[in-house]
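So the sequence lines, in the order shown, correspond to chains A and B. If you count the first sequence from 1, position 234 lands on 235 in my numbering, and the numbers rise without skipping. If you count the second sequence from 1, position 204 lands on 219 in my numbering, and the numbers rise without skipping.
Any given hint might turn out to be false.
Claimed, not checked - Ranges of calculated distance between the beta carbons of each label pair, as one might list FRET restraints: (1) B:G356 x A:R211: 38 to 48 Å; (2) A:G162 x B:Q334: 21 to 31 Å; (3) A:T377 x B:A302: 47 to 57 Å; (4) A:E39 x B:G439: 34 to 44 Å; (5) A:K293 x B:P313: 38 to 48 Å; (6) B:A302 x A:K293: 56 to 66 Å; (7) B:G439 x A:L339: 49 to 59 Å; (8) B:E455 x A:T377: 18 to 28 Å; (9) B:G306 x A:A214: 54 to 64 Å; (10) B:E455 x A:G162: 39 to 49 Å; (11) A:R211 x B:R338: 54 to 64 Å; (12) B:E455 x A:E39: 44 to 54 Å; (13) B:R328 x A:A214: 37 to 47 Å.
Said to hold, decoys possible - Among the chain B residues that face chain A by a calculated CB cut under 7 Å, a handful are: (14) N414; (15) T417; (16) G419; (17) V456.
Stated by the list, open to error - Which chain A residues face chain B? A few, computed with CB under 8 Å, are given here: (18) A3; (19) S4; (20) K47; (21) R363.
Since the hints were made in silico from the structure, they are not lab data. Backbone N, C-alpha and C define an ideal beta-carbon position, used for all residues, glycine too.
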Amino acid sequence: MASRANPDLAKDLARFGASGVLTCFNCGNCTAVCPLSEGDSVFPRKLVRYVQLGLKERLVQMSEPWLCYYCGECSATCPREAGPGETMAALRRYAIASADPSGLAGLMYRRPLAAVFLTLLVAVVLGLFLTTVHPRHEFSDWLFRWIPYEVIHTVGMVISGVLGLFLLAGVANVLRRYTAGSGGLGGLLRSPGAMLVAAQKTLGEMATMRRHAHCGDTEAEAARPWYLAPRWVHASIMWGFLGLFGATLLDFLFIYFLSWTAFPPARVLGTVSGLVMLYGVSVSLYQRGQGKANHLKQSVLADWWLLGFLFVLADTGFWLELAVTFRWQGTVNDAVLLIHTVMAMELVLLVTLTKLAHALYRPLALWLHFFRQAATASGLNVAQAQPADA
Amino acid sequence: MIKETAQPQAASEEPRIGVYICRCGGNISDVVDVEAVATAMQGVAGVVAAKVNTFMCSDPGQALIAEDIRNERLNRVVVASCSPFLHELTFRTAVNRGGLNPYLYEHVNIREQGSWAHHSDPAGATSKALRMISAAVGKLRHAEPLDRIRLSNNRQALVLGGGIAGLKAAAELAGKGIPVILVESSSSLGGRVASLNEVYPTETDASDLVKKLAAQVMNHPLVRVYSQARLAALSGFLGNFDITIAVEPKAEAGPAPGVPLPKPAKAEEVRAAVGAVIIATGFDPYAPRDGEFGHGGPQVTTLPEFIRELRGRRNGELQWNGRPVRSVGFLHCVGSRQIEGVHAPQADGKVNDYCSRTCCTAILQQALDVKRRFPQVNVYDFHQDIRTYGRGHEDYYRNASTAGVVFLRYHGDEPPAVGPGTNGASLTVRVKDWLTFGEEVDVPLDLLVLGVGMMPRNIRDLIELMKLPVGADRFLQEVHPKLRPVEVSVNGVLLAGTAQGPMNIEETLAAASAAASKASILLGRESVELDPFVAEVDADQCIGCERCFPECAYTGALVAEAATVNGQAVKKARVNPGLCVGCGACVAVCPTRAIDLKGWTLSQFDAMVDGLVAGVPGVELKGREHARQTH
Numbered sequence: 002m003a004s005r006a007n008p009d010l011a012k013d014l015a016r017f018g019a020s021g022v023l024t025c026f027n028c029g030n031c032t033a034v035c036p037l038s039e040g041d042s043v044f045p046r047k048l049v050r051y052v053q054l055g056l057k058e059r060l061v062q063m064s065e066p067w068l069c070y071y072c073g074e075c076s077a078t079c080p081r082e083a084g085p086g087e088t089m090a091a092l093r094r095y096a097i098a099s100a101d102p103s104g105l106a107g108l109m110y111r112r113p114l115a116a117v118f119l120t121l122l123v124a125v126v127l128g129l130f131l132t133t134v135h136p137r138h139e140f141s142d143w144l145f146r147w148i149p150y151e152v153i154h155t156v157g158m159v160i161s162g163v164l165g166l167f168l169l170a171g172v173a174n175v176l177r178r179y180t181a182g183s184g185g186l187g188g189l190l191r192s193p194g195a196m197l198v199a200a201q202k203t204l205g206e207m208a209t210m211r212r213h214a215h216c217g218d219t220e221a222e223a224a225r226p227w228y229l230a231p232r233w234v235h236a237s238i239m240w241g242f243l244g245l246f247g248a249t250l251l252d253f254l255f256i257y258f259l260s261w262t263a264f265p266p267a268r269v270l271g272t273v274s275g276l277v278m279l280y281g282v283s284v285s286l287y288q289r290g291q292g293k294a295n296h297l298k299q300s301v302l303a304d305w306w307l308l309g310f311l312f313v314l315a316d317t318g319f320w321l322e323l324a325v326t327f328r329w330q331g332t333v334n335d336a337v338l339l340i341h342t343v344m345a346m347e348l349v350l351l352v353t354l355t356k357l358a359h360a361l362y363r364p365l366a367l368w369l370h371f372f373r374q375a376a377t378a379s380g381l382n383v384a385q386a387q388p389a390d391a
Numbered sequence: 016m017i018k019e020t021a022q023p024q025a026a027s028e029e030p031r032i033g034v035y036i037c038r039c040g041g042n043i044s045d046v047v048d049v050e051a052v053a054t055a056m057q058g059v060a061g062v063v064a065a066k067v068n069t070f071m072c073s074d075p076g077q078a079l080i081a082e083d084i085r086n087e088r089l090n091r092v093v094v095a096s097c098s099p100f101l102h103e104l105t106f107r108t109a110v111n112r113g114g115l116n117p118y119l120y121e122h123v124n125i126r127e128q129g130s131w132a133h134h135s136d137p138a139g140a141t142s143k144a145l146r147m148i149s150a151a152v153g154k155l156r157h158a159e160p161l162d163r164i165r166l167s168n169n170r171q172a173l174v175l176g177g178g179i180a181g182l183k184a185a186a187e188l189a190g191k192g193i194p195v196i197l198v199e200s201s202s203s204l205g206g207r208v209a210s211l212n213e214v215y216p217t218e219t220d221a222s223d224l225v226k227k228l229a230a231q232v233m234n235h236p237l238v239r240v241y242s243q244a245r246l247a248a249l250s251g252f253l254g255n256f257d258i259t260i261a262v263e264p265k266a267e268a269g270p271a272p273g274v275p276l277p278k279p280a281k282a283e284e285v286r287a288a289v290g291a292v293i294i295a296t297g298f299d300p301y302a303p304r305d306g307e308f309g310h311g312g313p314q315v316t317t318l319p320e321f322i323r324e325l326r327g328r329r330n331g332e333l334q335w336n337g338r339p340v341r342s343v344g345f346l347h348c349v350g351s352r353q354i355e356g357v358h359a360p361q362a363d364g365k366v367n368d369y370c371s372r373t374c375c376t377a378i379l380q381q382a383l384d385v386k387r388r389f390p391q392v393n394v395y396d397f398h399q400d401i402r403t404y405g406r407g408h409e410d411y412y413r414n415a416s417t418a419g420v421v422f423l424r425y426h427g428d429e430p431p432a433v434g435p436g437t438n439g440a441s442l443t444v445r446v447k448d449w450l451t452f453g454e455e456v457d458v459p460l461d462l463l464v465l466g467v468g469m470m471p472r473n474i475r476d477l478i479e480l481m482k483l484p485v486g487a488d489r490f491l492q493e494v495h496p497k498l499r500p501v502e503v504s505v506n507g508v509l510l511a512g513t514a515q516g517p518m519n520i521e522e523t524l525a526a527a528s529a530a531a532s533k534a535s536i537l538l539g540r541e542s543v544e545l546d547p548f549v550a551e552v553d554a555d556q557c558i559g560c561e562r563c564f565p566e567c568a569y570t571g572a573l574v575a576e577a578a579t580v581n582g583q584a585v586k587k588a589r590v591n592p593g594l595c596v597g598c599g600a601c602v603a604v605c606p607t608r609a610i611d612l613k614g615w616t617l618s619q620f621d622a623m624v625d626g627l628v629a630g631v632p633g634v635e636l637k638g639r640e641h642a643r644q645t646h
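With the rest of the complex left out, here is chain A (with noise of 0.2 Å):
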């Protein structure tokens, strides 16, 4: 069956940020630049022309754009200005926006003032929602006596449970996708073995990002130092807001279970990862304000509203760690309190709609690639083959 050509999927990606696709004139001098593109897994030149063509269930299954580390070194290469890096940035958040099954990603995507409507939403709602927890305010007293609390509560539990759900969607649409093309979920569970080696592969690429070192290999990215490189600043983000994780964790489990005032190596792993994050933040945003190297000359309000998430966290959580230490009271240290709480809350209920679903995409598309590689070493036929018609 012949795929049928759609102009209107070119037009829907532009405002995903993919706006030059059609001067492409297919040269492959995108592909024959990428450091990362090889042997079954070629890109960006073929995806650029199914965005051209409009071959949305071809590229819907492609899960090449999370392959993919955006050193931009094919935009700057591209005779015709037509951004194949940008395309690849644009795609994962189509690919964001396709496993969402609520269609909210797409909304905030299209249209960014959706997207700031929707960011104040939630927070409001899970703002008011916080302030019942432990209802200390004047405010929230003079509140709950039109909305009960337990309405709230409730209310708020269904959201999160309804975000779970699309957490849980998001990643079974995503599966469901890109194993498509390779017999399906079925096709995995025959092959254990490769599995497990691909799952250790994509733990090793997680911890390390190996393959970003292949990145941006240009006389430019040599000159700059090691830790401003995109890589560690990547790796630092990542490390920090994994610390932080994990620190926020430990600290849940020993003051509110253990009932104990504070766990000395939540706070040591705490501190530390904050301040690997703050770094790797503020490197971030910087480099994207100036807008110089060529992964960071287009900017998306996705991009921002990350980094600016991570951003505020970061430093309201070390004003937290202050007040805590120097016993702190006040009003300001509350608000600081419910905007460090809300806004971590609305990142991980919001993950699916937002760039930080890569985390999990991105892990998943790099596990598929790695089973395809160990499933065709060893001799199992499930690599790439032609993607099934949807």
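Let chain A serve as the given structure and place chain B on it in line with the hints.
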């Protein structure tokens, strides 16, 4: 160039022959024993001088010949050197400068046909050189001084076709002061270009272009235009064509595009004499068969029709047959670059395997135009290659690409298939797209525009009438694509524009200018000069058997003249030197040897055979060939 010599040459004069052998800087002398050849030739009767030189073609070499003509009173010259293609004319001119008739010269090729061909057999090569030179000497013994043929010249041109090529040629000739008869079959000037809108790459209005050219022609007192007319008869040769123009008024359906001509009052035949003919009959757009790429369906059209339909439509919504068009596709190479076994043959059994050259840029111009005037319309381009070869043409491709035209590439042996549309589209084009790695893609369209190429026009009558050469592509064929690009093998007949093959407007106008300047060179002379190598009939020897007439392939070259032989009325042959090409077909059938070719007479052939067989009397011939014969 060869000028006629002033000195009269007595044919009966005793031959005094000079033989010059070239070493060619070792190219010849490393293999052929040139000194031995010279020595041998010195002993031949009639040979006064036989000399060797390192480079005969050099100034000293040529001077040596002229000097010997004076000092040794030579009246015949042989040069044995390289191919006559290289230096025959050189030495004819040198001989002429020395005071001899240039046709009392023979050229022998002992390099390409001697030293180079028999590199490993020096003795054989030397013997062969001896035989060949001996043959040339024999031929020269029977040579007569010849004069180039001079014919009167009717300094008027006939231009067939009133399209831009014919208009341009007529305007340029008239501008040079040469009267022109312009014959146009329709009732207006401008031809195919008159139906176009803006033309690439200048985006000038085609009708302005046509009006400008037509005004130059119609207002010129030296140009006579015949509308609704055709060339009914033509006879004669360069400088001396007698033509008959048939004017045939007929009712035409509607106003033809272009600059209208006054309707002829009555049917008539006009006779005239012209010196040169320019053929500017143009092309026909390829007419797709019913069903070819969906042709015949309501939402499929051809590029010329599309251009005509869009004329004057500005902005708003693009509609076709009352249906709004959201997606339009342009298909390249319809009727061009066809492949045998893949495409159905044309009426004559052939496929059009040539590229029509103009369609790529024309399609991209239209695709870009659609994108600019109707930005919401999706435009697809199905091509094999993009051949935007001219100055400024590539911009159309680049701009179409940046404007959002989507390109799909098919291979010639797997052309796209047009099928019914689905989901509200009028039709679907299924294409194996090699920009998408050979995947099959269905493109839904509301309108498909077939980029039809150029077809040679049906001008069979003209081809028969004028004996015009036709190429494998069925367009008229020039003598040489580079050296004589607008001439055909019939002297005095020139090609202008797309009668010769696909060309765009720029190329057509350049070709028309070239044809006009070539014609003005031919018509600029008082008389026409031709090589003297034509047949000649000895009327006394001719018995009127008429066997020669059916052999002659060149109409009018052999003229039958009434005569009486032994009391019987017969037709004797006479040669019209303007039309004879010197092929010798008539010579071969003449039972009485009454016909001879000047410069290649039968007695000369006899002498050459003798020379080749015998070599030089008294000189032993050596080499492998002779060794084999001996043992």
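Q. Can you name, in rising order, the numbers of the hints this structure does not satisfy?
A. Hints 1, 2, 5, 12, 13, 14 and 21 not satisfied by this model.
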